[in-house]
Amino acid sequence: MRTFLILFGKELRAFFYSPVAYIVLGLVMVLNGFAFNASVSFLQREASGGSLVKWTFDSPWFYLTYFAIFPLITMRLFAEERRLGTLETLLTAPVSAWQLVTSKFSAAVIFYAVLWLPSLINFFVFQYVTAGAADLPPGALIGSYTIVFAMGLFNIALGCLASSLTSNQMIAAITTLTFTIIHYLLGLFASTAKRLLPPSSEELVDYFSSVTHLQTFTSGLLDTRALVYYASLSVLFLVLTHQVVEFRRWKS
Amino acid sequence: MIDATDLTKRYAGHTAVNGLSFEVGRGEIVGFLGPNGAGKTTTMRMLTSYLPPTSGTVRIAGYDVFEDSMEARRHIGYMPENVPLYDEMRVREYLRFRGKLKGIKGGRPVRKRVGEVMELCGLTDVRRKPIAVLSKGFRQRVGLADALIHNPDLLILDEPTNGLDPNQIRQIRGLIRDLGKEHTVLLSTHILSEVEMTCDRVLIINGGKLKASGRPKDLSDDIRTAGRVIAEIKADPKLAATAIEKHVKGLRKVNATSLPGGWARVSVRTEAGVDPRETIHNIAVSERWTVRELSRKSASLEDVFVEITQDDLA
Numbered sequence: 001m002r003t004f005l006i007l008f009g010k011e012l013r014a015f016f017y018s019p020v021a022y023i024v025l026g027l028v029m030v031l032n033g034f035a036f037n038a039s040v041s042f043l044q045r046e047a048s049g050g051s052l053v054k055w056t057f058d059s060p061w062f063y064l065t066y067f068a069i070f071p072l073i074t075m076r077l078f079a080e081e082r083r084l085g086t087l088e089t090l091l092t093a094p095v096s097a098w099q100l101v102t103s104k105f106s107a108a109v110i111f112y113a114v115l116w117l118p119s120l121i122n123f124f125v126f127q128y129v130t131a132g133a134a135d136l137p138p139g140a141l142i143g144s145y146t147i148v149f150a151m152g153l154f155n156i157a158l159g160c161l162a163s164s165l166t167s168n169q170m171i172a173a174i175t176t177l178t179f180t181i182i183h184y185l186l187g188l189f190a191s192t193a194k195r196l197l198p199p200s201s202e203e204l205v206d207y208f209s210s211v212t213h214l215q216t217f218t219s220g221l222l223d224t225r226a227l228v229y230y231a232s233l234s235v236l237f238l239v240l241t242h243q244v245v246e247f248r249r250w251k252s
Numbered sequence: 001m002i003d004a005t006d007l008t009k010r011y012a013g014h015t016a017v018n019g020l021s022f023e024v025g026r027g028e029i030v031g032f033l034g035p036n037g038a039g040k041t042t043t044m045r046m047l048t049s050y051l052p053p054t055s056g057t058v059r060i061a062g063y064d065v066f067e068d069s070m071e072a073r074r075h076i077g078y079m080p081e082n083v084p085l086y087d088e089m090r091v092r093e094y095l096r097f098r099g100k101l102k103g104i105k106g107g108r109p110v111r112k113r114v115g116e117v118m119e120l121c122g123l124t125d126v127r128r129k130p131i132a133v134l135s136k137g138f139r140q141r142v143g144l145a146d147a148l149i150h151n152p153d154l155l156i157l158d159e160p161t162n163g164l165d166p167n168q169i170r171q172i173r174g175l176i177r178d179l180g181k182e183h184t185v186l187l188s189t190h191i192l193s194e195v196e197m198t199c200d201r202v203l204i205i206n207g208g209k210l211k212a213s214g215r216p217k218d219l220s221d222d223i224r225t226a227g228r229v230i231a232e233i234k235a236d237p238k239l240a241a242t243a244i245e246k247h248v249k250g251l252r253k254v255n256a257t258s259l260p261g262g263w264a265r266v267s268v269r270t271e272a273g274v275d276p277r278e279t280i281h282n283i284a285v286s287e288r289w290t291v292r293e294l295s296r297k298s299a300s301l302e303d304v305f306v307e308i309t310q311d312d313l314a
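Residue numbers (the numbering used here), protein chains in the order written: chain Z, 1 to 252; chain B, 1 to 314.
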């Protein structure tokens, strides 16, 4: 645990000491602003069953942010250690591969969570300037941030795996981006084609479609199946990452 | 301190290290010598648990490197080849991070220890500089300070003087010799004079196999008795060579070249323990040749190295 905390602290510092972190933070804030603005304009034009929160997160702007974040925060994690050769100094010190993988993952998750915090300001400022007239259903707020966090765990674990496979950060970033998009498209395709499929398959499609998950959670419904889905895939990817980092030590 | 038994590392298609066994006792400074690609780095990586051997075992201070990996690692200070460091960290920050990682308590103990190793390695003046701006010599010292920080029993240094200028090499060597008073040191190099100056014992490997082991002086003595004699005789080079070939016992090789003024320079190599000088003198006397030089070349470690590693190539 001590070793984990030392590594975790170092990783977290590496995030917040780097200028890239603040560029990403700025980018996410701008994109969130656009998403919020689009949501407000949408509700001005027509009546809708969804809340302001729902249309902020269940929007194309959200997906733009979503695709951009993960390659940027995960590409460096393992690829850079491999390129510099510092993986050798780390793994010949009394550090296990698990401590290394979990500390890097946790630091990235914390950084990811921080990236989303400023988006809360939008809602509360809006509520303040409208003197409480704006409706911010707590269910939708909790649901939205829960699913954003869960999807984050999944994609960060995916990014860790991609980064551990190469010493080139660009390759890691592109691999992460590709698989994040593929996962999204699979879900989109499944949700769109749902009408054509036999009704019995509906439940299966709902299980892995991130589009459906987002719609459900932003409406304020907490669906544990989706949470289990993201959590278990995150664990799977972390186990794979661990295997890749430990791979040199496999005895034939 | 190190007990390596039958280490073998096979990659698809080639064997990097083949049945290497050796021991290093407490307090020794041992040089690990071999041409590039001989398997030095692979062996060191197996000793430090970075690479698993295909077969064979390593024990460090009694702990198996793979069974009791964490315990074994606590006893090792390792400086890999080319000294990988985090460029964005500052010297002191990096050493504190590594110190804590290797089990030194945070706060005062780690600060004190980092101060000590920075003093020892001459890093105090650059402690606030980012590692990225350091010269190669300073990077090497940061690597050494990192290896030392948890005061390990055993230091494993992969080419510690690689890429340094002569002054820096001298400083690092001095440092290693001082460290050798309290620590066991295994260092790899292909610079021979380095081994002669710093090490108690040499292990020469080539093609992944142990070729020779012993004190640098003993090794060169071995070669010396099997050494080379130079004779300059006033005679036809071919005749001189044939006569020597005929009479000298335990001969390996004769080489004769003609010099101006009717002189021949004959170089004679023999088996160990044979001194052909008397025989050569007697030949010259009976043939009525004048001899103006008859000498034995004392072998340097370089000769030993060439002798041992060239045999395989030929």
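Derived by calculation from the structure, the hints in this document are not laboratory data.
We put the CB at the ideal spot given by N, CA and C, even for glycine.
Keep in mind that a hint or two might mislead.
No more than 30 Å apart at the CA atoms, straight line, and that leaves these computed lysine-lysine pairs for DSSO-like [as the list claims (entries may be wrong)]:
1. B:209 x B:246
2. B:105 x B:209
3. B:297 x Z:10
4. Z:10 x B:105
5. B:249 x B:234
6. Z:10 x B:136
7. B:129 x Z:10
8. B:234 x B:211
Over the 10 Å line for every Cβ pair with chain Z, so calculated as not near, a few chain B residues [to be verified]:
9. 14
10. 84
11. 253
Each hint, compared with the structure:
1. Distance restraint check for residue 209 of chain B and residue 246 of chain B: the Cα-Cα separation of roughly 36 Å exceeds the 30 Å cut-off, and the hinted pair is therefore not satisfied.
2. Simply put, residue 105 of chain B and residue 209 of chain B have alpha-carbon atoms about 41 Å apart, too far for the 30 Å limit, and the pair is violated.
3. With a C-alpha separation of about 58 Å, the suggested pair residue 297 of chain B and residue 10 of chain Z falls outside the 30 Å cut-off, and the hint is violated.
4. Taking the CA atoms of residue 10 of chain Z and residue 105 of chain B, the gap is about 16 Å. The hint holds against a cut of 30 Å.
5. Simply put, residue 249 of chain B and residue 234 of chain B have alpha-carbon atoms about 22 Å apart, close enough for the 30 Å limit, and the pair holds.
6. The straight-line distance between the Cα atoms of residue 10 of chain Z and residue 136 of chain B is roughly 24 Å, inside the 30 Å bound, and the hint therefore holds.
7. Under the criterion of a C-alpha separation no larger than 30 Å, the hint pairing residue 129 of chain B with residue 10 of chain Z is consistent with the structure, at around 18 Å.
8. For a cut-off of 30 Å, the pair hint linking residue 234 of chain B to residue 211 of chain B is broken: about 40 Å separates their Cα positions.
9. With a closest Cβ-Cβ approach of about 15 Å to chain Z, residue 14 of chain B is found to remain outside the 10 Å limit, as its non-interface label requires.
10. Taking the minimum C-beta to C-beta distance to chain Z, about 3 Å, the non-interface status of residue 84 of chain B is violated against the 10 Å cut.
11. Every C-beta of chain Z lies more than 10 Å from that of residue 253 of chain B, the closest at about 44 Å, which supports listing it as non-interface.
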